[in-house]
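All chains should be modelled from the sequences, with the hints used to inform the complete structure.
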Amino acid sequence: MSIKTFIIPTGWSPNIGNAFFALGIKYMIEQAVPNAQVILFSDQAAYLNMFPGRNYRSEPRNSLRYLDHIRPDYIVLSGSVLTKQFPKIWKTTLEVLHKSGVTVLLISVGGYDYDQEEISRCRKLLEKYPPYVFISRDRETYRNFRDLASYSYDGIDGACFIPEIFKPIKTDLSPYIVLNFDKTPEPWIYIYDKPLHVHVSSKNLSYRFEFKNEYWEVQFPRIRLIASRILGKRTGFALGLLGLYGTSQERVGRYIVIRTDHQLNPVMIRRIFRGPNAYAGDIPYTYCNIYAQSELTLTDRVHAALVTMTYGKPAMLFSNTRRALVIERLGGESVTWKPTYLDLEVLKKEKGSMIEFLKSIPW
Numbered sequence: 004m005s006i007k008t009f010i011i012p013t014g015w016s017p018n019i020g021n022a023f024f025a026l027g028i029k030y031m032i033e034q035a036v037p038n039a040q041v042i043l044f045s046d047q048a049a050y051l052n053m054f055p056g057r058n059y060r061s062e063p064r065n066s067l068r069y070l071d072h073i074r075p076d077y078i079v080l081s082g083s084v085l086t087k088q089f090p091k092i093w094k095t096t097l098e099v100l101h102k103s104g105v106t107v108l109l110i111s112v113g114g115y116d117y118d119q120e121e122i123s124r125c126r127k128l129l130e131k132y133p134p135y136v137f138i139s140r141d142r143e144t145y146r147n148f149r150d151l152a153s154y155s156y157d158g159i160d161g162a163c164f165i166p167e168i169f170k171p172i173k174t175d176l177s178p179y180i181v182l183n184f185d186k187t188p189e190p191w192i193y194i195y196d197k198p199l200h201v202h203v204s205s206k207n208l209s210y211r212f213e214f215k216n217e218y219w220e221v222q223f224p225r226i227r228l229i230a231s232r233i234l235g236k237r238t239g240f241a242l243g244l245l246g247l248y249g250t251s252q253e254r255v256g257r258y259i260v261i262r263t264d265h266q267l268n269p270v271m272i273r274r275i276f277r278g279p280n281a282y283a284g285d286i287p288y289t290y291c292n293i294y295a296q297s298e299l300t301l302t303d304r305v306h307a308a309l310v311t312m313t314y315g316k317p318a319m320l321f322s323n324t325r326r327a328l329v330i331e332r333l334g335g336e337s338v339t340w341k342p343t344y345l346d347l348e349v350l351k352k353e354k355g356s357m358i359e360f361l362k363s364i365p366w
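Residue numbering for the sequence shown is 4 to 366, as defined by the working numbering.
Quick caveat, the hints were computed from the structure, so don't treat them as lab data. For each residue, glycine too, the CB sits at the ideal point set by N, CA and C. One or more of the hints may lead you astray.
Here are the computed lysine-lysine pairs in the DSS-like style, where the Cα-Cα straight-line distance is at most 25 Å [what the hints assert, rightly or not]:
1) 102 - 131
2) 316 - 351
3) 316 - 173
4) 352 - 170
5) 341 - 186
6) 94 - 131
7) 316 - 341
8) 215 - 316
9) 316 - 170
10) 351 - 341
11) 127 - 91
12) 341 - 215
13) 102 - 7
14) 197 - 215
15) 127 - 87
16) 351 - 173
17) 186 - 87
18) 94 - 127
19) 91 - 131
20) 186 - 316
21) 352 - 362
22) 87 - 131
23) 362 - 7
24) 127 - 102
25) 170 - 351
26) 316 - 352
27) 102 - 91
28) 351 - 362
29) 215 - 173
30) 341 - 197
Computed spacing ranges between beta-carbons, pair by pair [stated by the list, open to error]:
31) 142 - 282: 27 to 35 Å
32) 40 - 193: 45 to 53 Å
33) 65 - 194: 52 to 60 Å
Take a look at the structure:
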């Protein structure tokens, strides 16, 4: 039986969350295709530009464009690749690979804005270079693109397979919660022993909820939160220079506070290590170990929440991003307004079904 080579382009320094679903997809393919050689390659250099705006991200001048020159059996595009920039970043590569006989797969993919312009741009390119396999990570993406591939499946995010890949290692840390806010200013957290009126403020400045028989309040700094909505990803760097991005909380109630940051590139020490017990790195497994043993993860990053939840721990997502559909796909609709657990039995069935689908495909 001949070896089938699969290349998964990925990049971790701009967002370590990319590692979680890339490793999960690698695991999936290896389980489903016994003769598979699955290799992670660096993604398009266009993704290294952290502040491109939404419509003009392109490959840097003088780029080798290495993905145009590889000749595996299959190339796997993944994650929130179906954006408005998708044609600009991938058109040349898809054209070259198509002419060279490389088969394109889209596995565990989704969009960014999910508006009609984004869908139309992506469909136009995929109609010209249709994928052999299309597996979504949220139901809306499946509905928008399922007709374009030879084999389509209403799938889930590859990061759901992280517990199969990495088993947690014990630590001597006291019970802790994780704060992961590298796109919006870090909030202050308070715990009360008396009931509060549960609510989300009209401008998402404060949240109140009950968790483990205690009453929690999450308060965002008003001015800094407004600034983050204007500056977007630039917020952390602008406020980090001023030392205004984090809080000084070392504990919340009986929990110590651990701070993680998913954006290592570009490095700004003052931004990343803005408060006590901060962690950032370029290897995903430390993050997995932290999230797997978190009592609660509060975050503005979808994959910080998702990885926590796949280990059976609760998370709450403070973001209105449409990419949160990947958690909704798994029954976690409440994640944006209260700490939420996933049903691990449902998750187990979803993972098994997706691997069985991959096994059914002629490779």
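The hints, checked one at a time:
1. 102 - 131: holds (12 Å)
2. 316 - 351: This hinted pair holds, its Cα atoms lying about 15 Å apart.
3. 316 - 173: holds (16 Å)
4. 352 - 170: holds (20 Å)
5. 341 - 186: holds (20 Å)
6. 94 - 131: Given that 25 Å is the threshold and the Cα spacing comes to 10 Å, the pair holds.
7. 316 - 341: holds (13 Å)
8. 215 - 316: At roughly 12 Å apart (the allowed maximum being 25 Å), residue 316 and residue 215 satisfy the hint.
9. 316 - 170: holds (14 Å)
10. 351 - 341: holds (23 Å)
11. 127 - 91: OK: residue 127 and residue 91 at ~12 Å, within 25 Å.
12. 341 - 215: holds (12 Å)
13. 102 - 7: Given pair residue 102, residue 7 holds - Cα atoms ~19 Å apart, limit 25 Å.
14. 197 - 215: OK: residue 197 and residue 215 at ~13 Å, within 25 Å.
15. 127 - 87: Distance of about 11 Å is within 25 Å: holds.
16. 351 - 173: Since the Cα atoms of residue 351 and residue 173 sit roughly 24 Å apart, the hinted pair holds (cutoff 25 Å).
17. 186 - 87: Between residue 186 and residue 87 the Cα gap is close to 21 Å, so the pair holds against 25 Å.
18. 94 - 127: With Cα atoms ~11 Å apart, residue 94 and residue 127 stay inside 25 Å; holds.
19. 91 - 131: Holds. Residue 91 to residue 131 sits at ~14 Å (cutoff 25 Å).
20. 186 - 316: Given that 25 Å is the threshold and the Cα spacing comes to 22 Å, the pair holds.
21. 352 - 362: Since the Cα atoms of residue 352 and residue 362 sit roughly 15 Å apart, the hinted pair holds (cutoff 25 Å).
22. 87 - 131: holds (16 Å)
23. 362 - 7: Distance of about 14 Å is within 25 Å: holds.
24. 127 - 102: Given that 25 Å is the threshold and the Cα spacing comes to 18 Å, the pair holds.
25. 170 - 351: Roughly 16 Å between the alpha carbons, so the hint for residue 170 and residue 351 holds.
26. 316 - 352: Holds - the C-alpha atoms of residue 352 and residue 316 are around 18 Å apart, at most 25 Å.
27. 102 - 91: holds (18 Å)
28. 351 - 362: holds (17 Å)
29. 215 - 173: holds (23 Å)
30. 341 - 197: Given pair residue 341, residue 197 holds - Cα atoms ~18 Å apart, limit 25 Å.
31. 142 - 282: 27 to 35 Å: Taking Cβ atoms as reference, residue 142 and residue 282 lie about 34 Å apart, which means the hint holds.
32. 40 - 193: 45 to 53 Å: Between residue 40 and residue 193, where Cβ atoms are some 52 Å apart, the hint holds.
33. 65 - 194: 52 to 60 Å: Since the Cβ atoms of residue 65 and residue 194 sit about 53 Å apart, the hinted range of 52 to 60 Å holds.
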